[in-house]
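S.K.: Read off the chains here:
2 protein chains.
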Amino acid sequence: MAKVSLREQVLRVREDAIIAAVNRLLSDKGYDLMTVDEVAAEVGIAKASLYRHFPSKEALAAAAMVRVLRQTLGVIDAEAARAQRPPLERLAAVTRWAIERQLAGEMPSLPSQNSSLRAVLLADKDYIELLMKVSDRLGEWIVQGQQAGEIDATLPPEVVLYTLFARACDPVPGFLKAGGQYDDERIVALVLATFLKGISGSAAPASNSAR
Amino acid sequence: MAKVSLREQVLRVREDAIIAAVNRLLSDKGYDLMTVDEVAAEVGIAKASLYRHFPSKEALAAAAMVRVLRQTLGVIDAEAARAQRPPLERLAAVTRWAIERQLAGEMPSLPSQNSSLRAVLLADKDYIELLMKVSDRLGEWIVQGQQAGEIDATLPPEVVLYTLFARACDPVPGFLKAGGQYDDERIVALVLATFLKGISGSAAPASNSAR
DNA sequence: GTCTATAGCCAGATAGAC
DNA sequence: GTCTATCTGGCTATAGAC
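Chains A and B, in that order, give the protein sequences.
Note that the first sequence covers residues 106 to 316 in my numbering.
Note that the second sequence covers residues 106 to 316 in my numbering.
A couple of the hints might just be wrong.
In this list, chains with the same sequence are indistinguishable; a pair is considered to hold if it fits within one copy or across any two.
To be verified - In silico BS3-like cross-links for lysine-lysine, where the CA-CA straight-line distance does not exceed 27 Å: (1) LYS230 to LYS152; (2) LYS162 to LYS230; (3) LYS134 to LYS162; (4) LYS238 to LYS152; (5) LYS152 to LYS162; (6) LYS282 to LYS230; (7) LYS162 to LYS238; (8) LYS282 to LYS238; (9) LYS152 to LYS282.
Calculated directly from the structure, the hints in this document are not laboratory data.
With these hints in hand, go ahead and build the complete structure from the sequences.
M.R.: And the structure:
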């Protein structure tokens with residue numbers, strides 16, 4: 106089982122380098138503006154060689170998403186290992202990680218509309234499995250937080266989950282960074298605080314939500 | 106001054122139809138996936154005719170953005186006309202309008218990264234002027250809300266403003282709609298409530314924001 | 001001012017030598 | 001498996017007839 110040929114190891118390293126490059130470009134320019142030529146140039150190999158490893162541009166993006174989901178799961182596991190932590194704090198830590206990562210230019214984001222890309226993602230077993238796993242793990246904490254009164258129990262758990270996911274592609278940190286008035290730490294604190302207060306357990310202040 | 110030739114009126118109507126089509130496609134597929142051929146087909150004219158009205162695809166997108174900013178200003182004016190309304194309710198009403206519009210597939214959204222498009226937008230006097238006007242008007246209400254204690258006074262007003270702007274391209278309503286469990290009205294209520302609570306005046310519940 | 005037809009370009013994908 | 005060179009399709013933009 107542990108027998109892995111040197112050849113395979115080299116392959117793995119190269120593919121890791123490719124995915125890392127895709128990750129950078131994806132978070133920097135987005136899927137549509139990222140070109141396969143750029144990916145090849147960044148890795149330092151020819152485009153044709155790239156296509157030996159991944160069959161399409163969509164597959165490249167999917168691999169980057171799988172990677173980030175794996176890392177997310179790692180963060181979740183680390184958080185789960187810290188005993189006696191209130192669920193809301195665990196969720197806050199994961200969210201903080203996502204925001205920090207986005208600010209650092211290391212969070213790939215995909216257009217939620219590109220249909221061919223969606224098709225590839227939905228067909229990717231690893232991606233789907235990881236996405237469900239992450240959702241389940243976070244979902245548990247959300248429900249626990251609601252039972253403990255830390256999270257607004259009138260919000261469907263999905264809404265909290267999606268709101269958390271959306272922090273990974275929130276444009277607000279980028280705007281604030283572009284403004285140049287705040288350092289990264291402050292930006293993370295502001296965005297995270299707003300998110301946390303938005304899902305918190307107290308009753309909503311504006312009852313009828315102004316029509 | 107009021108003398109407008111029939112010819113000009115026809116031109117205006119046609120250009121309105123073009124911008125409306127761009128608006129739909131832009132909110133449906135986004136800028137990169139929208140093709141000029143599609144716009145022409147949707148309007149029912151030839152592509153070359155389109156280019157008689159607008160010099161480039163970027164200009165089409167810019168025109169759509171100017172239009173939506175104008176409409177936003179209209180909503181703001183209408184809200185300002187309602188006397189004795191607390192500033193937070195005014196802000197909530199504008200935000201509600203944006204979310205509803207996005208859910209209806211009528212809110213154009215641009216990639217915040219495409220450089221050539223950014224250049225065209227920044228060079229568009231109408232666009233810049235309207236954007237500043239909208240920001241100023243909303244900014245006033247934000248500051249008033251903070252003074253009245255309705256909005257968290259520890260948040261820089263920009264943060265509140267950007268958070269509000271971000272509701273126009275928030276993926277959460279789309280996710281919830283795709284889930285099929287909630288009708289539009291409920292989705293708007295959930296997202297709006299989360300936003301409002303996020304900026305509300307009470308102290309943040311999670312003091313140290315979980316590291 | 002509208003059309004048809006096409007130029008020109010660029011990016012994803014591939015062939016074939018080594 | 002990696003390279004250079006090329007194909008192919010689709011897109012923005014334009015020429016030129018009417």
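S.K.: Which earlier hints can't be squared with this structure?
M.R.: 4, 9
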